[in-house]
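Protein sequence lines correspond, in order, to chains A and B.
Take the first sequence: its position 74, counted from the start at 1, is 74 in UniProt numbering, and no numbers get skipped.
Take the second sequence: its position 93, counted from the start at 1, is 93 in UniProt numbering, and no numbers get skipped.
Possibly wrong hints are sitting among the right ones.
Quick look at which bits of chain A chain B covers, simulated, 3 or more residues with Cβ under 8 Å [unchecked claim]:
| no. | segment |
| --- | --- |
| 1 | 5 to 14 |
| 2 | 67 to 79 |
| 3 | 97 to 108 |
Read the hints as simulated data drawn from the structure, not as lab findings.
Computed from a predicted structure; not experimentally measured.
Beta carbons are placed, not taken as given, at the ideal position from N, Cα and C, and that holds for glycine.
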Amino acid sequence: MERRQFVIISVAIALVIAVAAPFLASGDPDGLESAFFSIYGAKPFMGSELDEDAAGAAEEQVVAATGNDFSYEAVMPDYSIPGMDKAGEVLAVVIGTLLALVLVFAVAKVSARPDN
Amino acid sequence: MHIPDAFIPMGQALIYWVIALVFIVLALRWARRSMGEEKVPLVAVLAAGIFAIQALNIPIPWGTSGHMVGAALAAIVLGSPFAGVFVLTLVLLVQGIIFGDGGITVMGANIINMGVIGGFIGYYGYAGIKGVIGNAYAAAFIAGWASLFVSSLLCAVELAIAGTFPLVPALTGLGLYHAVIGLIEGGITAGALYLIASARPDILEHPAGVSA
Numbered sequence: 001m002e003r004r005q006f007v008i009i010s011v012a013i014a015l016v017i018a019v020a021a022p023f024l025a026s027g028d029p030d031g032l033e034s035a036f037f038s039i040y041g042a043k044p045f046m047g048s049e050l051d052e053d054a055a056g057a058a059e060e061q062v063v064a065a066t067g068n069d070f071s072y073e074a075v076m077p078d079y080s081i082p083g084m085d086k087a088g089e090v091l092a093v094v095i096g097t098l099l100a101l102v103l104v105f106a107v108a109k110v111s112a113r114p115d116n
Numbered sequence: 001m002h003i004p005d006a007f008i009p010m011g012q013a014l015i016y017w018v019i020a021l022v023f024i025v026l027a028l029r030w031a032r033r034s035m036g037e038e039k040v041p042l043v044a045v046l047a048a049g050i051f052a053i054q055a056l057n058i059p060i061p062w063g064t065s066g067h068m069v070g071a072a073l074a075a076i077v078l079g080s081p082f083a084g085v086f087v088l089t090l091v092l093l094v095q096g097i098i099f100g101d102g103g104i105t106v107m108g109a110n111i112i113n114m115g116v117i118g119g120f121i122g123y124y125g126y127a128g129i130k131g132v133i134g135n136a137y138a139a140a141f142i143a144g145w146a147s148l149f150v151s152s153l154l155c156a157v158e159l160a161i162a163g164t165f166p167l168v169p170a171l172t173g174l175g176l177y178h179a180v181i182g183l184i185e186g187g188i189t190a191g192a193l194y195l196i197a198s199a200r201p202d203i204l205e206h207p208a209g210v211s212a
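Work out the full structure: start from the sequences and follow the hints.
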């Protein structure tokens, strides 16, 4: 396979995953969130029922415990675009994938060992 | 495993940032010495793939989900643990700043857990296990699994130091969930390595070394 062809096919695969992800991805809490909710009594350790009120309270408790109340408004919070539904999520993940591609290309280009 | 800002006190988060910066500098030095210009498109493509696959949370039991991290794959393909640091640092930067996934003040901790631990356990685990059992894909699976599992244990220790989680429940909780999520990491690491080795064996820094 040509190098160019390999790169194009790989980017295409990444974009297919990006478009599919919002439809396929599980909305369940991830491993860290699950551990957090179970330790703070909002979810059984090996069960799936999440107590939303207890989860909200846990988030306040943890800020009180660490004192880190830094908050930051992301442009596309949780891989979504405010005001758009599923299409916004697809767009967000696609934009993120392309941003990662371009940013890493640029930084890698600048920091790579010159060929000569 | 992206730690949010609230989970670690600001002072400790700053210490993790300083440690992460040391590894970022080392990763840039690795790039200058060992990452040839011809590798640039490959590194960028790996980052795009890792970003996309990280958005794909796969359900595991117990009302929980998990996704691949990808540092082990980057380290194995590019032949250095610092490749994992290089790619994950930039992916985490995009995730944190644009999407609010993983905190800003705690980004150093996330870079250490996923980039540094992921890259080092992934790379040296792969090299060591491959040396013993001889099969590159089995080695990639085990190293991918271990990279995620060990990352989660370090994350548990950091959160115990932070006073967010008690140590033992943190280790058992994060450890158990990530022992399962690690199967996703190991599977995709081995699968992607197989696809790359089949399509372009020459771009692997060290050949997978399994005759087809």
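Hints and how they fare:
1. 5 to 14: holds (count 7)
2. 67 to 79: holds (count 13)
3. 97 to 108: This one holds; 11 residues, not fewer than the three required, reach chain B with a Cβ under 8 Å.
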